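*Asks:* The chain contents come next:
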Amino acid sequence: MRVVKESKPKTPEEALTERRERIEKAVELKEPDKVPLILSSCGDLLRKYITGHDLYFNYEKAREAVIKFVKDYQVDMFLPVLGAEGFIFALAFAEYPDIAPAVRFWSGPMHDILKDKFTKWPGRELPEDSIFQFIGGQFMDIKEYAKFSEDPIAFVNEVILPRSCINLEKIGSPKANAALIRLGSEASKALKFLVDVTVDLANVGMPSLPLTSAYAPLDYIGDFLRTPVGVLLDIRRYPDEVKRACEALVEPIIKVALALKPAGAKYAFIPLHLNEYLSPKLYNEFYWPTLKKIIITLYEQGIKSFVFFEGWHDAHLETILDLPKGWGVALFEKTDVRKAKKVLAGHTCVMGGIPSSLLLEASPDKIKEYIKNLLKEVKVGGGFILANSVEIPKDVPSENLRALIEVVEEEGRY
Amino acid sequence: MSLEDLVEAFINLEEEKVLKNVESLVKMGKNPYEILEACRRAAEVVGERFERGEYFLSELVYAGEIFNNVMKIVLPLIKREIKPLGTILLGTVQGDVHDIGKNIFKAFAEAAGFKVIDIGVDTPPEKFVEAVKIYKPDIVGMSGLLTIAYDAMKRTVEALKEAGLRDKVKVIIGGGRVDENIKRYTGADEWADNAIVGVKKCKQMLGLGG
Ligand code: B12
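Those protein sequence lines, which keep their order, are chains A and B.
All residue numbers for the first sequence refer to our numbering, where the first residue is 1314 and numbers rise by one.
All residue numbers for the second sequence refer to our numbering, where the first residue is 56 and numbers rise by one.
For the record, the hints were derived by calculation from the structure and aren't laboratory data.
Please note that a few of the clues may not be correct.
One-sided excerpt, in silico: chain B residues whose CB lies under 10 Å from chain A [unchecked claim]:
no.	residue
1	E114
2	V152
3	Y205
4	D206
5	V233
6	V252
Values in this document were obtained by computation on a predicted structure and should not be read as measured data.
Positions of the beta carbon are idealized from the N, C-alpha and C atoms, including for glycine.
This is chain A alone, in the form it adopts within the complex:
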């Protein structure tokens, strides 16, 4: 294997600045010095260093695992997502910008406090060394759409939280009040943990994205209220109710996203779930109008969106051009980034391109060849970030990850 010569060692500050600029240039649709390489993990990859239980329940050990990973694998940015999907709670507290972001992602202890039915955790409902599971569920009846749409925040607080969290079953009960007080105190620990991770990363020369988050309204209904299949059937049977509910969600979601603006948030992460399911007709009727409104409003407020287009987004690729140029970053999963780059060049920063199955199963040489060919096509003109899209399995051989980093060094230069 060819070893890449390290140019003279940089101080962490120098490395941090260099990497940040590299990424920012790509986002601004320009050519940086080199194609940025960003890896992310929702847990499995980090299990190379830590058990699933510790990852979610032990903030200190989780911090160590993150640092170990980035020391072993010098990428331009590492995005650890170390909590479960808690947007339901963020929305419940949308009126309170000091609280909403703190409960956006759930840690294991928060699950212990709430006894929510949305999630299952290692060392609790699951074996000690597994990743957490977001299960979701149907917590809203079909007949309740109208009431929900009248005032989504009130409905979530008064109806959904009691139904979905065992310890909040009876609002105002000592048990529920105690749970909320405990949640508050745990949330500040969890928030401190996130800040600590950012500092740790900076200390080894690795930037972090100043992130806030938003959600596509139809996904909110699917993930937290009606289940994905439930909402897909609802749009056939009760289209108007669904549309109204989506519209009612726009403002509260924007509030959640803006809560972190004063703290310097620059990007709103938005993972899309039902995009792949929908025909262009349904997408343009039920999904895109409200999502578009959210992205544009945030853009006008100085926050770019970082949208994860899960699954295949091919059928809706051109709708991205409805957005103002430079609106944000589009991370693709199954949609070929070559194709996306062709459609979106000069308009949208395209991110993705590393198949996890390739990292798992191919040889280092095959990986290098694949990425080399990919970069040849997509790096031209800048505006491209190389990244994984789905979780990298923990069993990925180290030499494969190293090959990935090396090939970007060799072939990613502009």
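Got chain A sorted already, so can you dock chain B with the ligand onto it with the hints?
*Replies:* What follows is chain B with the ligand alone, placed relative to chain A:
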């Protein structure tokens, strides 16, 4: 009211019309087996439209729902045993609870004439092995969307080997993130990231064309 109307309404995913049609056909004394066959034909056309990119997953989900609702009316009326094309044992592997794709595959496999035994989600390898012993399926279908599912699929194939059952069944893996690499990694015989192709491959594996 005719079987042709039924097929057309099904293909166009007009749920209410389909169910009304089925009910009145049943009342008219139509052979329930013929109703079933008509819905199978319709489901096949829905699958073709999906493959051509005219229909999307939401249409498959809806078609599956309609098919299941028709079955609820028709199946209890079918007296004689229908000989299936083959039996598929189906489950989502350990650690993974995604089942929408699995359920779509199940609906379309059933519509194509397979008997499907669904053992649910988050299914440990031992449970697959147990079920293979009990139901003696022709095919074991494993669904999984998480990358941790790759490993779970591999472990399940190994467990089948250890139990001496690997040669007795064909194994197909499915789910949006499987591919040729993952087929090799897990030791499966086939893979599909699309239910319609999956059904075809199941037929092929049993030498039934596709
Ligand atoms: C809906 C969804 C959910 C729902 C699932 C609801 C349910 N009952 O299934 C909920 C919200 C519960 C959920 C939870 C989670 N999810 Co999820 N989820 C999705 C989503 C948006 C769609 C999946 C889906 O249903 N696709 C549509 C179906 C129809 O496609 P399919 O499954 O591929 O099935 C087709 C074919 O593959 C085939 N098929 C399927 N099975 C079989 C079997 C056989 C034998 C055959 C032949 C064919 C076949 O037929 C189907 C029709 O063509 C995807 C993203 C995406 N767009 O794919 C993420 C995704 C699968 N989820 C993901 C993750 C990470 C999670 C969570 C960990 C989230 C979290 N961080 O909290 C949890 C995990 C829970 C767990 N342990 O399983 C990741 C997986 C990443 C990875 N590779 O590890 C994805 C890919 C999102 C992403 N891009 O990051 N999720």
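*Asks:* Indicate, hint by hint, whether the structure satisfies it.
*Replies:* Comparing the hints with the structure gives:
no.	hint	in the structure
1	E114	holds (7 Å)
2	V152	holds (6 Å)
3	Y205	holds (6 Å)
4	D206	holds (6 Å)
5	V233	holds (8 Å)
6	V252	violated (14 Å)
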